[in-house]
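Number of protein chains: 2
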Amino acid sequence: MCELLGMSANVPTDIRFSFAGLARRGGETGPHADGWGIGFYEGRGCRTFHDPEPSARSDLARLLRAYPIKSRIVVAHVRRANRGRVALENTHPFGRELWGRPWSFAHNGQLAGVKRLPLGRHRPIGTTDSEHAFCWLLGELEARWSALPSPRRLDAALPALFRRLGDLGVFNALLSDGRTLYAHCGKHLSVVTRRAPFGRATLLDEDLQVDFAAETTPNDVVSVVATRPLTRDEEWRELVPGETLALRAGEVATLPGSARAAALTKNQG
Amino acid sequence: MCELLGMSANVPTDIRFSFAGLARRGGETGPHADGWGIGFYEGRGCRTFHDPEPSARSDLARLLRAYPIKSRIVVAHVRRANRGRVALENTHPFGRELWGRPWSFAHNGQLAGVKRLPLGRHRPIGTTDSEHAFCWLLGELEARWSALPSPRRLDAALPALFRRLGDLGVFNALLSDGRTLYAHCGKHLSVVTRRAPFGRATLLDEDLQVDFAAETTPNDVVSVVATRPLTRDEEWRELVPGETLALRAGEVATLPGSARAAALTKNQG
Numbered sequence: 001m002c003e004l005l006g007m008s009a010n011v012p013t014d015i016r017f018s019f020a021g022l023a024r025r026g027g028e029t030g031p032h033a034d035g036w037g038i039g040f041y042e043g044r045g046c047r048t049f050h051d052p053e054p055s056a057r058s059d060l061a062r063l064l065r066a067y068p069i070k071s072r073i074v075v076a077h078v079r080r081a082n083r084g085r086v087a088l089e090n091t092h093p094f095g096r097e098l099w100g101r102p103w104s105f106a107h108n109g110q111l112a113g114v115k116r117l118p119l120g121r122h123r124p125i126g127t128t129d130s131e132h133a134f135c136w137l138l139g140e141l142e143a144r145w146s147a148l149p150s151p152r153r154l155d156a157a158l159p160a161l162f163r164r165l166g167d168l169g170v171f172n173a174l175l176s177d178g179r180t181l182y183a184h185c186g187k188h189l190s191v192v193t194r195r196a197p198f199g200r201a202t203l204l205d206e207d208l209q210v211d212f213a214a215e216t217t218p219n220d221v222v223s224v225v226a227t228r229p230l231t232r233d234e235e236w237r238e239l240v241p242g243e244t245l246a247l248r249a250g251e252v253a254t255l256p257g258s259a260r261a262a263a264l265t266k267n268q269g
Numbered sequence: 001m002c003e004l005l006g007m008s009a010n011v012p013t014d015i016r017f018s019f020a021g022l023a024r025r026g027g028e029t030g031p032h033a034d035g036w037g038i039g040f041y042e043g044r045g046c047r048t049f050h051d052p053e054p055s056a057r058s059d060l061a062r063l064l065r066a067y068p069i070k071s072r073i074v075v076a077h078v079r080r081a082n083r084g085r086v087a088l089e090n091t092h093p094f095g096r097e098l099w100g101r102p103w104s105f106a107h108n109g110q111l112a113g114v115k116r117l118p119l120g121r122h123r124p125i126g127t128t129d130s131e132h133a134f135c136w137l138l139g140e141l142e143a144r145w146s147a148l149p150s151p152r153r154l155d156a157a158l159p160a161l162f163r164r165l166g167d168l169g170v171f172n173a174l175l176s177d178g179r180t181l182y183a184h185c186g187k188h189l190s191v192v193t194r195r196a197p198f199g200r201a202t203l204l205d206e207d208l209q210v211d212f213a214a215e216t217t218p219n220d221v222v223s224v225v226a227t228r229p230l231t232r233d234e235e236w237r238e239l240v241p242g243e244t245l246a247l248r249a250g251e252v253a254t255l256p257g258s259a260r261a262a263a264l265t266k267n268q269g
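Each protein sequence line maps, in turn, to chains A and B. In case it helps, the working numbering puts the first sequence at residues 1 to 269. In case it helps, the working numbering puts the second sequence at residues 1 to 269.
No wet-lab data here; the hints were simulated from the structure. For clarity, every value in this text was computed on a predicted model and none was experimentally measured. Be aware that a few hints might be false.
The list cannot tell twin chains apart, which means a pair is met if one copy fits it or any two copies do.
[Stated by the list, open to error] For lysine to any residue, the following SDA-like pairs were computed, each having C-alpha atoms within a straight-line distance of at most 20 Å: (1) Lys-187 with Pro-12; (2) Lys-115 with Arg-85; (3) Lys-187 with Ala-147; (4) Lys-187 with Arg-163; (5) Lys-115 with Thr-216; (6) Lys-70 with Arg-116; (7) Lys-115 with Asn-219; (8) Lys-115 with Leu-208.
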């Protein structure tokens with residue numbers, strides 16, 4: 001198991017508070033000591049930092065905790081290796097260009113037989129199941145469209161692709177094209193949305209508190225997705241296994257075709 | 001104009017000394033204040049740092065100067081924007097996966113009409129001529145081979161492709177697939193090889209000296225390519241316009257089909 005952290009916001013937002021909690025789980029409060037990585041979307045670009053060192057002891061992670069990169073979409077991961085040795089090329093998030101956009105992907109879980117899924121033009125650099133799954137996903141998307149589809153079309157296509165991966169084992173994952181952050185719950189994933197009136201939050205993994213009211217403006221909307229809740233004084237919602245979220249500008253929507261959407265429709269009917 | 005820095009070594013080597021000189025040219029001793037980037041190959045992976053801030057004033061550049069990443073191949077760049085606005089996505093080195101390898105590319109110069117060159121599957125994320133040239137190069141390579149060719153085959157193909165770009169203007173460039181560092185001189189590029197007996201070197205741009213004898217073992221071979229020599233007490237060789245180098249494990253070879261090779265052959269004949 002690894003831990004995931006994703007963020008979507010309507011204004012460039014500093015992820016350092018949440019990242020501090022995640023980084024501690026990489027070898028200190030958690031066993032995920034086999035590397036970590038974080039990608040920040042900025043404009044059309046994406047800046048990614050990877051380190052095969054445990055995040056709790058990584059010089060680079062310490063530097064990033066002191067370095068205010070503001071972003072609207074963040075994809076981060078701390079790794080506990082199960083398939084694929086501890087090495088830079090096996091460190092999430094993985095990145096690839098498709099249709100002139102930088103795509104990012106991070107995953108936790110195990111996927112039996114994923115390497116039998118046929119690939120398009122994107123090929124793994126490392127040896128993880130996760131990177132193979134990412135390359136397969138991009139190949140499936142590229143087989144459907146020759147140019148960047150609208151967010152709405154991607155929203156419609158991704159839940160079924162995620163379900164196919166989920167059928168192979170545990171598939172908790174984050175995927176972004178720089179417009180939308182997609183989050184899929186295979187087993188464990190929680191989400192929280194912060195908006196006015198902002199309160200205080202305290203990290204579960206570190207004696208660190210933040211007063212969001214002092215850090216934000218009243219119009220800010222920021223959502224954070226994580227394998228396990230990162231704070232103790234906020235209301236995190238646990239996703240239903242099979243549920244896919246689309247996060248845009250901080251707003252969270254459960255996608256049709258994913259598990260919770262089916263349950264919600266049923267309850268309405 | 002921008003400035004390039006490349007390194008090839010037979011053992012993982014710390015680039016910080018040379019990077020310190022380059023970083024100063026990004027807005028202090030040089031006018032290249034429109035961002036910078038550096039890629040380090042480690043195993044099969046490549047770790048890349050990008051920053052649209054001037055390197056001389058960049059927090060991230062200061063952090064990297066304190067952070068000993070050891071690598072066999074490094075590709076670095078400080079930028080002075082001429083085409084493409086100052087933005088993360090326009091910051092070199094550009095990276096793409098091809099045949100399961102992370103490729104890196106950095107360029108200085110201007111290429112008239114390069115955007116008319118047809119692209120394969122790799123598409124620019126930003127708006128620079130350089131990224132378009134990189135995507136075109138990868139498309140040309142992919143049209144020739146369906147799987148990773150040997151270094152020898154790439155050595156044979158690249159000089160002609162570089163010449164086609166050179167015909168469009170000034171093309172000083174670094175390209176790597178993680179096995180070889182290719183360096184092409186359009187106008188200005190210099191190279192130095194450090195091997196036993198190692199001496200001292202002093203940066204031209206900063207009052208910083210290094211005693212390589214204390215930092216290396218007798219078997220180390222390290223070559224550095226840069227737009228302009230970085231040190232004052234070493235013998236840098238200026239490349240001939242049109243010359244392409246292949247650097248592997250610190251050893252430098254001028255490729256057949258490139259300008260100096262033709263001159264050398266002529267002199268022998």
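Taking each numbered hint in turn, which are not upheld by the structure, reported in ascending numerical order?
-> 1, 3, 5, 6, 7, 8
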